[in-house]
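Student: On the provided structure of chain S, position chains C and L as indicated by the hints.
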Amino acid sequence: MTAHTGPPRRRSAAPYLYIAPFFVLFAAFGLFPLIYTAWVSLRDWRLVGGDRGFVGLDNYAEVLTDDRFWNALGNTFGLFLVATVPQLLIALWLANLLNRKLRLQTAFRMGVLLPNITSVAAVGIVFGFIFADRYGLVNWLLDLVGADVVDWRGSRGTAWFAISVMVDWRWIGYNALIYLAAMQAIPRDMYESAALDGASRARQFWRLTVPMIQPTILFTIIISTIGGMQLFTEPLLFNYGRIEGGPLGEYQTIAMYIYQRTFRGNTEYGYGAAMSWLLFAIIIAFALLNFSLVRRSVRGSST
Amino acid sequence: MGAIRSRLRGFAAAALSLGLVLGAAACSAEEPKSADGKTTITIQWFGSPGFDQAIKDFQSANPDIVVKSENRGQLRDFQPLLVQWLATGSTQLGDVIMMEEGTLLEFLQDPSKWTNLLDLGAGSLKDDYLPYKWENGFTADKSKLVGLGTDIGGLAMCYRSDLFAKAKLPTDREAVSKLWPTWEAYAEQGRTFKAANTGAAWIDSATSIMQPYIMQNSDTWFYDRDNNFILDSNPKVREAYNFGLKLASDGLTSKLVRWTPDWDAAFKNAAFATVPCAAWGTGVISERAGEAGKGKWDIATIPGGSGNWGGSYLAIPEQSTKKEAAYKLLTYLTGKDGHLAEFKEKGGMPSTIAALDDPTFANATNEYFSNAPVGKIFGASVKTLKPIYLGPKHQQLWENVLERAMQAAEKGDLSADAAFAKAVTDGRKLATG
Amino acid sequence: MSTVVTPRRRRVPGGRLWEASPLTYVGLVIACVLSAFPIVWSFIIASRDNSSVYDIPPPLLPGGQFVANVERLLANDQANFLIGLANSLIVSTIVTISVVFFSTLAGFAFAKLKFRGANILLLIIILTMMVPTQLGIIPLYMLMIKLGWLGSLQAVIVPFLVKGFGVFLMRQYTASAISDELIEAARVDGCSTWRIYWQVVLPLVRPAAGVLALLTFMETWNEFLWPYLVLTNKTPTVQYSLSVLAAGNYSTDYVQIFTGTALAVVPLLLVFVVFGRQIIAGIMEGAVKG
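First to last, the protein sequences are chains S, C and L. No gaps in the numbering here: position 46 of the first sequence is 46 in UniProt numbering, and each next residue is one more. No gaps in the numbering here: position 253 of the second sequence is 253 in UniProt numbering, and each next residue is one more. No gaps in the numbering here: position 243 of the third sequence is 243 in UniProt numbering, and each next residue is one more.
Check before you lean on any hint, since a few could be wrong.
Once the Cα atoms are required to be at most 25 angstroms apart in a straight line, the calculated SDA-like pairs of lysine to any residue come out as [to be verified]: (1) K344(C) - A61(C); (2) K344(C) - E291(C); (3) K113(C) - I388(C); (4) K411(C) - W140(S); (5) K386(C) - E184(C); (6) K255(C) - G154(S); (7) K429(C) - L57(S); (8) K113(C) - A140(C); (9) K113(C) - G89(C); (10) K268(C) - W41(L); (11) K234(L) - I243(S); (12) K294(C) - L60(L); (13) K268(C) - E184(C); (14) K429(C) - G74(S); (15) K236(C) - K383(C); (16) K68(C) - L85(L); (17) K101(S) - C32(L); (18) K146(L) - D110(C); (19) K429(C) - D66(S); (20) K113(C) - L31(S); (21) K323(C) - I55(C); (22) K146(L) - L31(S); (23) K126(C) - G379(C); (24) K234(L) - Q92(C); (25) K268(C) - L60(L); (26) K246(C) - R258(C); (27) K38(C) - K234(L); (28) K296(C) - P170(C); (29) K336(C) - T425(C); (30) K146(L) - K178(C); (31) K234(L) - Y240(S); (32) K346(C) - E287(C); (33) K146(L) - E184(C); (34) K268(C) - G64(L); (35) K146(L) - P80(C); (36) K336(C) - D119(C); (37) K178(C) - G379(C); (38) K68(C) - D337(C); (39) K255(C) - T425(C).
These are computed hints drawn from the structure, not numbers from a lab.
Okay, chain S solo, but in the shape it has when bound (with noise of 0.2 angstroms):
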C-alpha cells in the first residue's frame, strides 16, 4: 500500500499531480478569460444579436474618442488619488500611535481593525445614509456648528470626498497594521543613536521611521492602486444603485462605465472588453512605475 514495498519512488509525478488542480482550474476561470478578453476585444459582439464578426481595432478606437471613457478612468484616477493619500497618512499617524507601550494593545489593534471586516455592500448603504444630501447625519452635524449644508452627489469634488471616505474608512486600520508591523521590526538601537543626536520625535519618526519602513509603503500604494483601479461598489451604492454615477458622471469609475456599457444598455461585450485590456494595460503601466520606485529606492538606501 505505501511506498516502502514499491518500486523506486518516482519523484516526478506526484508535485505535478498536487500543483495541477491548480493550474487546471486557473487556466479555466483564470488565463482563459483574460486571453479571450482580447480577442472579444477585436469583435463586434453583443449579448442581444450575437457575434457580428471581426472589426479589428474598431472598438480600442471608439474607446479612445469616447468621452464617457476618459470621464471614467479621470474619476478613478482622482478618486484614487483623494482616498490614497489620506488613507496612507492616517494610517502611518495611527500606526505611530499604536507603536507604543500600551495597555489594551490587542483591543486597540482590533479596533483599528473593525472596518476591514465589515462588508463593502453593507458600508456602501449606511455611508449612503450618512452623506445623505440634504438630511445625512454629515450634514446635521455641519448644521449644527453652524456650517452649511453640502449637496454631497452634487458635484465631483464632493461627491469624490464622500467616496473616499468609506474606502479609507475601510482600508486605513489595515494599513496602519501593516505600518506597524514594519516599524517593529525597525532595530532598536537607531533610535537610540539618532536620540543621542538630538533629534526630536517627530523628527526621527520623517527622518528614520519613515525612510525604514519605505518598502512596506511601496507596498501597500501597489495594492491600493489595483484596488483603486477596479472601484466599484462604493460608488456605486453611494449613488443607490445607479451605475451612471451622477447625473453627468461625476463619480462613475472605470468599473461602472465597463460594467454599464458590457451588461446594460446594448449589452457590448466586445466594447467592454476592448475597455477591460486598456485598463489591464494602466494596471501594467502603473505597476511598472511603482516597480522602478521601488528598486530606485533600494538602490539608494544601499549606496
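Tutor: Relative to the frame of chain S, chains C and L by itself:
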C-alpha cells in the same frame, strides 16, 4: 505504483466530496414538476403589482393549473435578467412575464421571442381596453400583439393644502383644478406661490413635468415610428424640457432626484407643494409623508387634463411550452376581475374599461388624501389619453440619459443647451449603438 | 507585492520605544469610535422604527423593534435574505476549504518537492496575483452562459476554488516552517508523499492555513460585483440580498435595509471576535517580508 494509485484515490475522494457539495448547492433552484397531470406555469414579475389574491382566485377556478409566482425584485434588477434569458433561451424564463411599458418596446425589437396573443384569441378583447393601453402592446407593424395591460398610470396633481392655505391659494380640489387648466397657468400659480414665501418649493423637480407634458402634446418621444432617434428634432420634447427648466430657473423647483432618500425625506419635511402623481403614486406619497401628512395632501386634475406615467403588460415568451395555460392566467390577470383584485391589493389602476367603470374603482376615495375621489380623478385622466410611440430603449434613454442631463441643468452644472446636446449625443450612442 | 506569513519566531526587540501619552489614548479611542460608529449606528437603527433614520440628533440607544424588523426583513420576498445568508455560508465554506486544501497541497509541492519547471510555474502564479480578476469578467460571464450556470451557486463557487495568493503564501510558509530533514525522516520511515503531506505537513502549516482560511472566508463572504452580475434574487448571496434592499428604493422601509446590513455583518463579527488575534497576526506577519 501503489503509492500513486492511493494518491489518486485520495484525490478522487476529495474531488467527489467537493462535487457532491456542489451538486447539493446547485439544486437550490427546483424545476416545476407536473403532478397528477396538472400544468405548472411560472409567472415572473417585478415591483408590487398585487397579483397575490388574483392568482389565488384564478387557482380556485382552474384547479388543473398550478401557478408558481416569482417576485423578481425591482424593474432595474429584472430588466437585465430578462434580456439575458431571452438572448440565451434560458430555462429560467417563466411562462408569463410582466414588462414595464417603457421597456416593452425594447423586447419587441425581436418579436420572434414572444407569442402573438392574437393567435391565442386576444383579438376579441380589443374593446375591453383603453385604446392607449391596447395599441402599445403591439409591434410597430401592428401584426403582432405581444402584451395585454395590467395597470395604467393615470395622472393627477397631488398638492399640500396646508401650504396652499399659507400662500393664500384656494385649497378646495375643484378650485385648485381650475387654477391650472394649462401648464402655463400652473407655472403662473407657482410664481404666486413663491412670492408668498412659505419656505417650500412649488414642485419637487423640473423632470417631473416631462412625462405628462409630452404625453399630452406629442405622439412620439425619443423615436419616430420607424425607430429613428429623433430627440434632437422632436419639438415637443424640447418644449417640455425648456418648460421644466424654466420652472427651475424661476426658483420653483426643489431640485430633488426621485427615488432617493432625500426625496423621500422631503415629503416628510413638506419641502414642496405640488407633485404630479400617477395612480400608483398615492401610496408612494402617503408612505413617505407619513401620519403627519395625513389630511394635508389632496389631489387635483393634472394641468392639460390627461396623462399616463408607467404601467405594465403581461406577455408570453415564444419558448414557453405551456402557452394555453399561460394565456388563461394572462387574460385573467389582465381582465376585469384580475384588475379589480389588483386594485384592491396594491392600488394598481385598471386599464380595462369595464374595471375602470366598476364602482369598486370608479367610486373609490382615498382617505389619506382628504378623501379625494381618486377613482373619478384618475379615471378621467386616462379616458382621453392618446397613444404615444415610445420605442426601444425608451426607459434607459429617459432614466439614464435625458433625466440625468436635465437634473444636471436644473442644478446649474451645465447650461440647458449643453445638457440637452449631451443627452442627444449620449442618447444617440445608446439608441443606435 | 509579496505578502508572506513567516512562522512565529522571536523577533529582535525593536520599536515601541515610547511610553504612550494620554494623548495617544485619546487619538486611539477616537479612531476606534469612528471605526465602530457606522456599524453600531446600523445596529441601533435596526432596533428602532422607521422614523429614527432621520432622527436629529441620531439615536444613540437601541430600541425594542429589532425582532419585528428582522421578521419584516425575512418576509421580504424580493431580497430573500435568509436564503442569501445560507448561500453565503455554503459558498464561503466550500471556497475556503477548497482554497486551503489546494493551496497547502501545491505549496507543499513547490516548497519541498523537486521537479522540473517549478520555478517558472511559481513565477506564473506570482504573476497571476497581479492580475485583477475583474479584467476577465466578460469572457467569464460568457462562459457562465455557455455552462448554463447563471443564477446558480456554481457560478460564484467554481471559478474561485483556487487562489494564486494562497499557493504562494503556503509555499513560503512551508519552505520556512518545515525543515527538509523532517521530510527526509518521514520518507525514511516509509511515508508516501501523500502521507507526508497529510500527516506531517498539514498539521505543521496550520497557523498559516488558518490565516488563509479566515482571509478567504471573509473575502468570499464580502464579494459583491460578481454575485451581483451572475446571481438572481432567487439564489442570492447575502451581498446580493443587500443590493436588492438598497436598490429597492421604491420603498422607504429604511430600517429593513439597516437590519439587513447589520445581519450581514454579524457572521463576520463573530469570526472577528473569535479569531481577531490570528487575523491581526496574519496581516502583520504578512507585512514584515512584504
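Student: Does each hint fit the structure? Answer for all of them.
Tutor: Going down the list of hints, with the structure as the test:
1. Between K344(C) and A61(C) the alpha-carbon distance is near 19 angstroms, which keeps this suggested pair within the 25 angstroms criterion.
2. At most 25 angstroms may separate the alpha-carbon atoms for a hinted pair to count; K344(C) and E291(C) meet this at roughly 21 angstroms.
3. A distance of roughly 24 angstroms separates the Cα atoms of K113(C) and I388(C); the hinted pair therefore holds under the 25 angstroms criterion.
4. Only pairs whose Cα atoms come within 25 angstroms are accepted, and K411(C) paired with W140(S) is accepted, the gap being roughly 22 angstroms.
5. Only pairs whose Cα atoms come within 25 angstroms are accepted, and K386(C) paired with E184(C) is accepted, the gap being roughly 21 angstroms.
6. The suggested pairing of K255(C) with G154(S) holds, with an alpha-carbon distance near 10 angstroms, which does not exceed 25 angstroms.
7. Under the criterion of a C-alpha separation no larger than 25 angstroms, the hint pairing K429(C) with L57(S) is consistent with the structure, at around 19 angstroms.
8. At roughly 15 angstroms between alpha-carbon atoms, K113(C) and A140(C) fall within 25 angstroms of each other, so this suggested pair holds.
9. Our distance criterion of 25 angstroms between C-alpha atoms is met by K113(C) and G89(C), whose separation comes to about 9 angstroms.
10. For the proposed pair K268(C) and W41(L), the alpha carbon gap of about 22 angstroms is at most 25 angstroms, so the pair holds.
11. Pair hint K234(L) plus I243(S) holds up; C-alpha atoms about 22 angstroms apart against a cutoff of 25 angstroms.
12. Proposed proximity of K294(C) and L60(L) is contradicted: the alpha carbons are some 29 angstroms apart, above 25 angstroms.
13. A C-alpha spacing of about 28 angstroms is found between K268(C) and E184(C), which places the hinted pair above 25 angstroms, so the restraint is violated.
14. For the hint linking K429(C) to G74(S), the alpha-carbon distance of about 21 angstroms falls within 25 angstroms, and the restraint holds.
15. Simply put, K236(C) and K383(C) have alpha-carbon atoms about 22 angstroms apart, close enough for the 25 angstroms limit, and the pair holds.
16. The suggested pairing of K68(C) with L85(L) holds, with an alpha-carbon distance near 23 angstroms, which does not exceed 25 angstroms.
17. Taking the CA atoms of K101(S) and C32(L), the gap is near 18 angstroms; set against the 25 angstroms cutoff, the hint holds.
18. For a cut-off of 25 angstroms, the pair hint linking K146(L) to D110(C) stands: about 21 angstroms separates their Cα positions.
19. A distance of roughly 10 angstroms separates the Cα atoms of K429(C) and D66(S); the hinted pair therefore holds under the 25 angstroms criterion.
20. Under the criterion of a C-alpha separation no larger than 25 angstroms, the hint pairing K113(C) with L31(S) is inconsistent with the structure, at around 35 angstroms.
21. The straight-line distance between the Cα atoms of K323(C) and I55(C) is roughly 17 angstroms, inside the 25 angstroms bound, and the hint therefore holds.
22. A distance of roughly 17 angstroms separates the Cα atoms of K146(L) and L31(S); the hinted pair therefore holds under the 25 angstroms criterion.
23. Our distance criterion of 25 angstroms between C-alpha atoms is met by K126(C) and G379(C), whose separation comes to about 19 angstroms.
24. Restraint check for K234(L) and Q92(C): the C-alpha separation of about 11 angstroms stays at or below 25 angstroms, so the hint holds.
25. Simply put, K268(C) and L60(L) have alpha-carbon atoms about 22 angstroms apart, close enough for the 25 angstroms limit, and the pair holds.
26. Among the hinted pairs, K246(C) with R258(C) is consistent with the structure: their alpha-carbon atoms are about 19 angstroms apart, no more than 25 angstroms.
27. Distance check on the hinted pair: K38(C) and K234(L) sit about 24 angstroms apart at the alpha-carbon level, within 25 angstroms; holds.
28. The straight-line distance between the Cα atoms of K296(C) and P170(C) is roughly 13 angstroms, inside the 25 angstroms bound, and the hint therefore holds.
29. At most 25 angstroms may separate the alpha-carbon atoms for a hinted pair to count; K336(C) and T425(C) exceed this at roughly 44 angstroms.
30. Using a Cα cut-off of 25 angstroms, the hinted pair K146(L) and K178(C) is violated, with the two alpha carbons roughly 60 angstroms apart.
31. A C-alpha spacing of about 21 angstroms is found between K234(L) and Y240(S), which places the hinted pair at or below 25 angstroms, so the restraint holds.
32. Distance check on the hinted pair: K346(C) and E287(C) sit about 13 angstroms apart at the alpha-carbon level, within 25 angstroms; holds.
33. Annotation: proposed proximity of K146(L) to E184(C) is violated, straight-line Cα distance about 56 angstroms (limit 25 angstroms).
34. A threshold of 25 angstroms between alpha carbons decides the hint, and for K268(C) with G64(L) the separation of about 24 angstroms falls inside it, so the pair holds.
35. Distance check on the hinted pair: K146(L) and P80(C) sit about 17 angstroms apart at the alpha-carbon level, within 25 angstroms; holds.
36. For the suggested pair K336(C) and D119(C), the alpha carbons sit about 21 angstroms apart, so the restraint of at most 25 angstroms is met.
37. A threshold of 25 angstroms between alpha carbons decides the hint, and for K178(C) with G379(C) the separation of about 18 angstroms falls inside it, so the pair holds.
38. In summary, the hint linking K68(C) to D337(C) is supported, as the alpha carbons are separated by about 20 angstroms, within the 25 angstroms threshold.
39. Restraint check: the Cα-Cα separation between K255(C) and T425(C) comes to about 24 angstroms, which is no more than 25 angstroms; the hinted pair holds.
Checked against the numbered hints above, the structure breaks hints 12, 13, 20, 29, 30, 33 and satisfies the rest.
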